[in-house]
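Going line by line, the protein sequences match chains B and Y.
Residue numbers for the first sequence follow my numbering, so the first one is 2 and each next one is one higher.
Residue numbers for the second sequence follow my numbering, so the first one is 18 and each next one is one higher.
Since the hints were made in silico from the structure, they are not lab data.
Given the structure is predicted, the values throughout are model-derived calculations rather than measurements.
It is possible that some hints are incorrect.
[What the hints assert, rightly or not] Straight-line distance between alpha carbons at most 30 Å, and here's what the computed BS3-like set of lysine-lysine pairs gives:
(1) Y:Lys116 - B:Lys26
(2) Y:Lys147 - Y:Lys116
(3) B:Lys71 - B:Lys26
(4) B:Lys71 - Y:Lys116
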Amino acid sequence: MFDIRRAENGDILLSGRLDASQADKARSVLRTVVESCRVDFGDLEYISSLGLGVLLEAQRRLSESGHGLKLANLSDHLSDLFRLAGFDTIFEIE
Amino acid sequence: MRGSFNRRIDALDDVFRSIDAFVVREGLPEPIAFATKLAVEELFTNLVRHNTGGSDHIDVDLAIEDERLVVRLTDFDVEPFDESSIQPVDVHLPLEDRKVGGLGVHLVRNIFDELTYAYSDRTLCVTAAKNLET
Chain B
2 MFDIRRAENG DILLSGRLDA SQADKARSVL RTVVESCRVD FGDLEYISSL GLGVLLEAQR
62 RLSESGHGLK LANLSDHLSD LFRLAGFDTI FEIE
Chain Y
18 MRGSFNRRID ALDDVFRSID AFVVREGLPE PIAFATKLAV EELFTNLVRH NTGGSDHIDV
78 DLAIEDERLV VRLTDFDVEP FDESSIQPVD VHLPLEDRKV GGLGVHLVRN IFDELTYAYS
138 DRTLCVTAAK NLET
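The whole structure should be built from the sequences, with the hints applied where relevant.
Pasting the structure below:
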């Protein structure tokens with residue numbers, strides 16, 4: 002079960018399993034983001050390359066207007082995965 | 018664990034249920050569970066997306082053999098597969114030059130110790146193996 006929603010403070014909260022079957026759901030929410038935003042991974046158990054691709058698309062689009070995503074509360078597994086994907090150099094990670 | 022799954026992205030729920038059962042039965046730690054899910058999903062979705070003319074199901078086998086985690090996917094009635102068609106991914110490029118394609122195989126290659134493709138009799142077998150010894 003995957004969920005993505007905006008918190009009252011503007012953060013994007015991810016939870017569950019972001020696999021290929023859920024990438025469109027994540028994309029549809031991230032496309033509504035037009036300014037810099039914090040993405041909280043604290044309750045996200047799993048992400049695959051298509052989920053990473055959705056984040057990459059959003060980051061590329063936001064960077065064109067000087068904005069970006071800040072990734073927060075990554076588990077050890079996710080931190081390792083993001084490093085292998087080279088995302089530690091193109092995202093700000095808390 | 019051996020399972021046969023519909024050649025559809027929305028079969029992933031069934032695939033993950035089988036992986037979860039395998040992980041519990043084998044008592045695998047969380048990092049290995051994560052790696053198992055990642056390898057199966059990346060390889061499964063690649064077969065679904067690229068071998069569009071194949072049969073309507075894909076077999077997934079998971080096993081612990083000689084202190085190695087072995088993930089094997091078998092795709093039937095498919096055209097020959099050219100492994101060299103997989104383009105390497107440069108994860109050091111600046112944001113504007115990054116590409117999403119190929120990232121899944123890149124991750125599996127880095128997390129697992131072996132990734133091999135074998136093709137014969139219109140059957141493609143993809144195997145990823147990871148040493149579990151510390």
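Output the indices of the hints that this structure fails to meet, ascending. none
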